[in-house]
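Asks: Using UniProt numbering, you'd call the opening residue of the sequence shown number 1 and step up by one each time.
It is worth saying that the hints were derived from the structure and are not from the lab. All C-beta atoms, glycine included, are put in the ideal place defined by N, C-alpha and C. Incorrect hints may have been included.
[As the list claims (entries may be wrong)] Pair ranges (Cβ atoms, derived): (1) Leu-43 / Ile-15: 30 to 36 Å; (2) Ile-93 / Ile-12: 35 to 41 Å; (3) Ala-13 / Asp-36: 29 to 35 Å; (4) Ile-93 / Cys-53: 21 to 27 Å; (5) Pro-46 / Glu-72: 27 to 33 Å; (6) Met-70 / Phe-19: 15 to 21 Å; (7) Val-79 / Leu-30: 17 to 23 Å; (8) Val-96 / Gln-40: 31 to 37 Å; (9) Gln-58 / Phe-82: 14 to 20 Å; (10) Cys-53 / Glu-77: 16 to 22 Å; (11) Gly-74 / Leu-94: 17 to 23 Å; (12) Thr-16 / Pro-75: 26 to 32 Å.
[Claimed, not checked] Straight line, CA to CA, 25 Å or less: simulated SDA-like cross-link-like pairs of lysine to any residue: (13) Lys-38 / Arg-67; (14) Lys-38 / Glu-9; (15) Lys-38 / Ala-14; (16) Lys-38 / Ile-15.
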Amino acid sequence: MGANAQVLEIQIAAITSSFPEHEFVFAEGLEPCLPDPKVQSFLSGPYLCYYSCPTPTQMHEAFTLIREVMDEDGPFEGVIGFSQGAALAASMILLVQ
Numbered sequence: 001m002g003a004n005a006q007v008l009e010i011q012i013a014a015i016t017s018s019f020p021e022h023e024f025v026f027a028e029g030l031e032p033c034l035p036d037p038k039v040q041s042f043l044s045g046p047y048l049c050y051y052s053c054p055t056p057t058q059m060h061e062a063f064t065l066i067r068e069v070m071d072e073d074g075p076f077e078g079v080i081g082f083s084q085g086a087a088l089a090a091s092m093i094l095l096v097q
């Protein structure tokens with residue numbers, strides 16, 4: 001199920017507002033996908049995910065996208081991910097160890 005960066009921004013607003021001295025960057029996938037019905041009821045699309053199926057090609061594209069965000073907007077002190085974003089972040093940590 002897809003969402004977008006705005007969904008995570010709303011979901012963690014209590015966290016981000018507790019750290020006004022920090023900048024939060026919200027990345028989102030490029031792959032169009034079906035919306036979560038709960039999300040669709042309060043936010044319009046586009047609804048996106050990092051990959052529709054975790055094939056090597058789609059995973060490589062997702063890693064490349066996140067690497068580009070890191071290069072353009074980093075350095076970062078930490079990462080928060082939800083669902084696919086959390087799995088992608090954990091996978092990337094394993095790759096750089």
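Asks: Holds or violated: 31 to 37 Å for the Cβ distance of Val-96 and Gln-40?
Replies: 35 Å, holds
Asks: Range first: 26 to 32 Å. Now tell me if the beta carbons of Thr-16 and Pro-75 are that far apart.
Replies: 18 Å, violated
Asks: With 35 to 41 Å as the target window, see if Ile-93 and Ile-12 comply at their CB atoms.
Replies: 19 Å, violated
Asks: Range hint 16 to 22 Å: satisfied by the CB atoms of Cys-53 and Glu-77?
Replies: Since the Cβ atoms of Cys-53 and Glu-77 sit about 32 Å apart, the hinted range of 16 to 22 Å is violated.
Asks: Is the distance from the Cβ of Ile-93 to the Cβ of Cys-53 consistent with 21 to 27 Å?
Replies: 22 Å Cβ-Cβ, so the 21 to 27 Å window holds.
Asks: State, for the Cβ atoms of Pro-46 and Glu-72, whether the hinted interval 27 to 33 Å holds or is violated.
Replies: 20 Å, violated
Asks: If you draw a straight line from the CA of Lys-38 to the CA of Ala-14, is it 25 Å or shorter?
Replies: 20 Å, holds
Asks: Under the criterion that the straight-line Cα-Cα distance not exceed 25 Å, is the pair Lys-38, Glu-9 satisfied?
Replies: Holds, at about 16 Å.
Asks: Does the hinted range 29 to 35 Å hold for Ala-13 and Asp-36 at CB?
Replies: For Asp-36 against Ala-13, whose Cβ atoms are near 18 Å apart, the range 29 to 35 Å is violated.
Asks: Is it true that the CA of Lys-38 sits at most 25 Å from the CA of Arg-67?
Replies: Violated, at roughly 30 Å.
Asks: Holds or violated: 30 to 36 Å for the Cβ distance of Leu-43 and Ile-15?
Replies: Given about 19 Å between the Cβ atoms, the range is violated.
Asks: Taking the beta carbons of Met-70 and Phe-19, is their distance inside 15 to 21 Å?
Replies: Check passed, 19 Å falls within 15 to 21 Å.
In the structure shown, a violation is registered for the earlier hints numbered 1, 2, 3, 5, 10, 12, 13, in ascending order.
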